[in-house]
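Participant: One line per chain: the protein sequences are A and B, in this order.
First residue of the first sequence? That's 1 in my numbering, and the numbers climb one at a time after it.
First residue of the second sequence? That's 1 in my numbering, and the numbers climb one at a time after it.
Please keep in mind that the hints were generated in silico from the structure rather than gathered at the bench.
Just so you know, these numbers come straight off a predicted model, no measurement behind them.
Please note that a few of the clues may not be correct.
To be verified - With beta-carbon atoms standing in for the labels, derived distance ranges: (1) PRO64(A) x ASN57(B): 39 to 49 Å; (2) MET21(B) x PRO97(A): 17 to 27 Å; (3) GLU19(A) x THR35(B): 51 to 61 Å; (4) THR35(B) x ALA144(A): 19 to 29 Å; (5) ALA62(A) x ALA129(B): 49 to 59 Å; (6) ALA127(A) x ALA129(B): 29 to 39 Å; (7) ASN57(B) x PRO148(A): 49 to 59 Å; (8) ARG20(A) x THR61(B): 35 to 45 Å.
The beta-carbon is built from N, C-alpha and C at its ideal position, and this holds for glycine as well.
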Amino acid sequence: MVTRTTTQDYEQSSEAGRERNVPIPWARLTDATPTLGDPFQATGLVAGATFCGTVINPGTAADPVIIGNTADGAIFRHNVRNVLTWVGGPAEATWGPINLGDPVFYDAEEDTANGVKLSTSPLTSTAAANTLFGHIVLMQDEDASDFPKGAALVGSTHVCAVMQV
Amino acid sequence: MVTRTTTYEYEQSSEGGRERMLPMPFTRLTDATPTLGDPAQVTGLIAGLMITGTVINPGTTADPYAVLNVADGAVFKHNVRNTLTYGAGPVAEATWGALNLGDPVYYSAEQDVLNGIKLSTSPLQSDGATANTLFGHIVLEQDETAASYPKGDVTASTHVCAIQQV
Numbered sequence: 001m002v003t004r005t006t007t008q009d010y011e012q013s014s015e016a017g018r019e020r021n022v023p024i025p026w027a028r029l030t031d032a033t034p035t036l037g038d039p040f041q042a043t044g045l046v047a048g049a050t051f052c053g054t055v056i057n058p059g060t061a062a063d064p065v066i067i068g069n070t071a072d073g074a075i076f077r078h079n080v081r082n083v084l085t086w087v088g089g090p091a092e093a094t095w096g097p098i099n100l101g102d103p104v105f106y107d108a109e110e111d112t113a114n115g116v117k118l119s120t121s122p123l124t125s126t127a128a129a130n131t132l133f134g135h136i137v138l139m140q141d142e143d144a145s146d147f148p149k150g151a152a153l154v155g156s157t158h159v160c161a162v163m164q165v
Numbered sequence: 001m002v003t004r005t006t007t008y009e010y011e012q013s014s015e016g017g018r019e020r021m022l023p024m025p026f027t028r029l030t031d032a033t034p035t036l037g038d039p040a041q042v043t044g045l046i047a048g049l050m051i052t053g054t055v056i057n058p059g060t061t062a063d064p065y066a067v068l069n070v071a072d073g074a075v076f077k078h079n080v081r082n083t084l085t086y087g088a089g090p091v092a093e094a095t096w097g098a099l100n101l102g103d104p105v106y107y108s109a110e111q112d113v114l115n116g117i118k119l120s121t122s123p124l125q126s127d128g129a130t131a132n133t134l135f136g137h138i139v140l141e142q143d144e145t146a147a148s149y150p151k152g153d154v155t156a157s158t159h160v161c162a163i164q165q166v
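Please take these sequences and the hints and turn them into a complete structure.
Facilitator: Here is the structure:
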């Protein structure tokens, strides 16, 4: 397990219209033990076409329903893994630096491997599609000089502002 | 270079929630010399999945950040080329078609090089395989009627259209 940063205190979506809060039962989540501030994915019929968002209220065992913000354009700070491809196992195969504008995917395999739900890998280890979660954008404190984050030959996890799609 | 119309005085996004302003360094833009009111694309790892939007503030050399409105549903007036396909080596337009309401419009860096127009109706680049990123769809302008459409025909032309961003 790599170190991951708790991000639940951060939200950058101050502009109007960037909230679409929907309740979803735990039973329909890819990760049925949701964590406040984490990305989530609702399971669905078609790989790559599931819907995603950020956990605003994780619910409770007595009331197992999350409130998720699924708004297009909402920006949250999330942990992102720099994996590009997977191999069977599954195991991470290749990595690359993360840069502003890069697409970020909900990656259930990465969650299992490292406890990080987002990565830059568009495909799973069996070549199924991961769902596009959003894109890397600047944080409010303009971390442009921090990019690119990570390197090409080693796995690493980085906190980035991610704009949801 | 074809004639292009300046469009930055036009903005149709009067409805709430149609603004999502992002600062983006020039170095991450496909066109690193942004122009006020023009479409913009942010480079990224995967062709066809880039961030796109409209330049609200083009920045300056001293402060090389553009501010882009990337909001889904925002409507701006943009120049659109009616290119459908490109031929390869050297890059040239191959086929054209009429523009109509609802048509998808793509950010096309090749079109920008050819004609100074950043949007076209070509989903693929000149290699016939690499995707252009979907920028939005053609919708009605505030001051026109549906009778204005279709615009253009099977010859090359550029048209000002209201584009609803995706």
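Participant: Against this structure, judge whether each hint is valid.
Facilitator: Hints and how they fare:
| no. | hint | in the structure |
| --- | --- | --- |
| 1 | PRO64(A) x ASN57(B): 39 to 49 Å | 45 Å, holds |
| 2 | MET21(B) x PRO97(A): 17 to 27 Å | 26 Å, holds |
| 3 | GLU19(A) x THR35(B): 51 to 61 Å | 32 Å, violated |
| 4 | THR35(B) x ALA144(A): 19 to 29 Å | 21 Å, holds |
| 5 | ALA62(A) x ALA129(B): 49 to 59 Å | 53 Å, holds |
| 6 | ALA127(A) x ALA129(B): 29 to 39 Å | 18 Å, violated |
| 7 | ASN57(B) x PRO148(A): 49 to 59 Å | 25 Å, violated |
| 8 | ARG20(A) x THR61(B): 35 to 45 Å | 39 Å, holds |
In terms of the numbered hints stated before, the structure departs from hints 3, 6, 7, listed from lowest to highest.
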